[in-house]
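With the sequences and hints as input, model every part of the structure.
Same order as they appear, the protein sequences are chains Z and E. Sequential numbering of the first sequence, starting at 56, is according to this note's numbering. Sequential numbering of the second sequence, starting at 501, is according to this note's numbering.
Please keep in mind that the hints were generated in silico from the structure rather than gathered at the bench. Owing to the predicted nature of the structure, the values given are computational and were not obtained by experimental measurement. Think of the CB as a built atom: it goes at the ideal place given N, C-alpha and C, for glycine as much as any other residue. Please note that the accuracy of each hint is not assured.
[As the list claims (entries may be wrong)] Here are some, though not all, of the chain E residues that point toward chain Z, as calculated from beta-carbon distances under 7 Å: (1) Ala556; (2) Leu558; (3) Ala581; (4) Phe586; (5) Pro592; (6) Val595; (7) Ala606; (8) Thr608; (9) Val609; (10) Thr610; (11) Gln647.
[What the hints assert, rightly or not] Covered stretches of chain Z, going by a simulated chain E footprint (3 or more residues, C-beta under 8 Å): (12) 87–96; (13) 110–120.
[What the hints assert, rightly or not] Cβ pair distances, simulated, as ranges: (14) E:Gly631 <-> Z:Pro192: 21 to 27 Å; (15) Z:Leu114 <-> E:Arg560: 24 to 30 Å; (16) Z:Arg109 <-> E:Ala703: 40 to 46 Å; (17) Z:Leu197 <-> E:Ala620: 46 to 52 Å; (18) E:Arg752 <-> Z:Leu197: 30 to 36 Å; (19) Z:Leu162 <-> E:Gly631: 38 to 44 Å.
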Amino acid sequence: MGSLARANAHSVPVVLAVLVVCVPFSLAASWRFTVLRLGEERARSLGIDVERLRTAALLRIGLLSAISVAFVGVIGFVGLVGPHIARMLVGEDHRFLLPASMAVGALVMLTASIAAKMIIPGVLVPIGVVTALVGLPVFFALVLRRQGGRR
Amino acid sequence: MTVSQDAALTVRGLHAGYGGRTVIERLSLPAMVPGRLVALVGPNAAGKSTLLRAMAHLVRMRGEIRLGGIDLARLKPAERAATIGFMPQSLPDDVSLSVLESVIAAITVTAGGGDGTPVAERALDVLEDLGVADLASRTLNLLSGGQKQVVSLAQAIACAPPVLLLDEPTSALDPARQFQIMCIVKGYAVAGRIVVAVMHDLALAAQWADEIVVLTRGRLHGAGPPADILTPGMLAEVYGIAARVERCSEGRLQILVDGVVPPRPIRAAAGGQIEPVTRREFR
Ligand SMILES: Nc1ncnc2c1ncn2[C@@H]1O[C@H](COP(=O)(O)OP(=O)(O)OP(=O)(O)O)[C@@H](O)[C@H]1O
Ligand SMILES: [Mg+2]
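Below is the structure:
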């Protein structure tokens, strides 16, 4: 399980550098992501190269997750819960959804980190355990709600 | 890229399909010219949507599709997007995006077509023209089926492309909305656009279209003015229905379906008439 205890000051510049490289591309693609939500056909008919958009996004996602896992280990569910909460808050205009996802994700991490220090006094529970405890029920709630909506 | 005013859309030797499957084979169509509304009709799975997708270069295809002197395959995706407006048969569910945002996004990602007016204003104008300005701030997943369809049309025409390919623009609309939207679609044609609309309602097609193109099993069955195309013979052959085509007092075509024709009429082979299976036999 991942733990923030492994992070140190040396990791900050590296993470920052990767962010500086990735985030501008993501923000620049925000209109295209928004249109992709209107359907792949619609997006393609509006001139968007859907394959390229997806591949580039996956590359950035891979890079960002790799760098985080390299420094703090596997901390699950943050990437799943963060964007979903952000979507409920700001909708799916990706100009707002992308920054909101980053903010909510960071907030979830901070909250989990505080909880990790308080659950058992004197013991630092790995943060991955906390995010899993909170994230798993949220995950199932999302899945069930989606199925309910489709009926 | 400039498209001349009277450039026609031509389809020649078109093959189109999905993966290894060919749906449309060696299809050539009469030229589609600006000013005339073309209705594309045919049974379910005939390949109408596939043809429309092929004309918008959204599926695997081979053959020639030209707009005047321009080979559409040669255009860059952005140029093609500014030339062809495409309305898919359905919108995805569960999108929490407002109606206005969705139209703004459609305008923003498409290069060109701008005349200096702010994008939000143009988007609102489009919604107003279609009579759905009141939905502007509603989210897409809360719309009714008909409302969704009109919004989908708004997204397709937001950039005012010279060619419009509409896949069933009115199939979910009430009679009033249907009339209103067909007026608007006809207006696009009259204003000098090339408009092709897939339609299942043949009476509606007869009322509004200048040309009807009939597609069956990926092939052209016939094309021409509604009165020439909509005949009992065509309806029996293409749809397998026994139907009467009648003119009401103002001369409008009506199609009255009496029953279905068996796919392989045995009695017809013996030299007799094709015997329709009438409604009575289903009671
Ligand atoms: N995405 C797809 N992948 C594979 N095959 C498809 C796909 N879409 C359609 N087809 C097949 O292509 C054929 C033609 O389908 P198409 O959607 O073009 O029919 P259509 O004339 O639009 O019918 P409808 O009136 O029901 O909309 C069908 O046999 C269908 O199964
Ligand atoms: Mg179709």
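Numbered hints the structure breaks, given as an ascending list: Structure breaks hints 11, 13, 14, 17, 18.
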